[in-house]
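S.K.: Residue-level listing of the chains:
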Amino acid sequence: DSGVTQTPKHLITATGQRVTLRCSPRSGDLSVYWYQQSLDQGLQFLIQYYNGEERAKGNILERFSAQQFPDLHSELNLSSLELGDSALYFCASSLSPGADTQYFGPGTRLTVL
Amino acid sequence: GEDVEQSLFLSVREGDSSVINCTYTDSSSTYLYWYKQEPGAGLQLLTYIFSNMDMKQDQRLTVLLNKKDKHLSLRIADTQTGDSAIYFCAEEISSGSARQLTFGSGTQLTVLP
Chain S
1 DSGVTQTPKH
11 LITATGQRVT
21 LRCSPRSGDL
31 SVYWYQQSLD
41 QGLQFLIQYY
51 NGEERAKGNI
61 LERFSAQQFP
71 DLHSELNLSS
81 LELGDSALYF
91 CASSLSPGAD
101 TQYFGPGTRL
111 TVL
Chain Z
1001 GEDVEQSLFL
1011 SVREGDSSVI
1021 NCTYTDSSST
1031 YLYWYKQEPG
1041 AGLQLLTYIF
1051 SNMDMKQDQR
1061 LTVLLNKKDK
1071 HLSLRIADTQ
1081 TGDSAIYFCA
1091 EEISSGSARQ
1101 LTFGSGTQLT
1111 VLP
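Chains as they are written, first to last, in the numbering used here: chain S, 1 to 113; chain Z, 1001 to 1113.
In short, the hints are calculated from the structure, not lab data. By construction, the Cβ of each residue, glycine as well, lies at the ideal position given by its N, Cα and C atoms. Hints are all accurate, no fakes.
Computed footprint of chain Z on chain S; a stretch qualifies when at least three of its residues, placed anywhere within it, have a C-beta under 8 Å from a C-beta of chain Z:
| id | region |
| --- | --- |
| 1 | 36-50 |
| 2 | 54-61 |
| 3 | 102-109 |
For each label pair, taking beta carbons as the anchor points, the in silico distance ranges come out as:
| id | chain 1 | residue 1 | chain 2 | residue 2 | range |
| --- | --- | --- | --- | --- | --- |
| 4 | Z | L1061 | S | E53 | 31 to 39 Å |
| 5 | Z | N1052 | S | N51 | 26 to 34 Å |
| 6 | S | K57 | Z | L1008 | 24 to 32 Å |
| 7 | S | S38 | Z | E1005 | 14 to 22 Å |
Input sequences plus hints: build the corresponding full structure.
M.R.: Here it is, written out as structure tokens:
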């Protein structure tokens, strides 16, 4: 158990819908990262937040957005969902945005029908 | 751009050593990581190496880094059936407080009894 929690574990929805994935970092960690794992794209970095502010952006679509709240939990919002958005979405956290390792949550499996 | 490559499959006999190889392209990477993913589970951090090190040993795990050739390897001694999983290498690129992990496609390790 990494100490990072993600909810829900599974999510099934339809094309065109919007969903919100939630992540609680390890106690004391200030930085949160979101990743997408799909069969065709592999594991891809989406976005990083540190203490409420966006720090780095990867291959995140414009239909996706994220935020980190004052209590340091983070949400990833996915809108206008397409079949190709079906994937495992991981959240990770680390103590600082500097040289520190990332610990991953168990993931949320999103299925878009 | 960054690109991390791994072979897709590796099979070994129980008790033998496993060596999983990885190549990366970005010479400015600060840390290189090995993660393990078991079926239906999240990513588990196994070990990491700072980019100015050549080798790191941690119990049954040995990481070798050849920075000149941009080659990273993970050796698992006395491989057990419980080591069967997908192993991902990842390079970290950091710029100020921004950090990003780029993952390889993963190597499926199968340990035969």
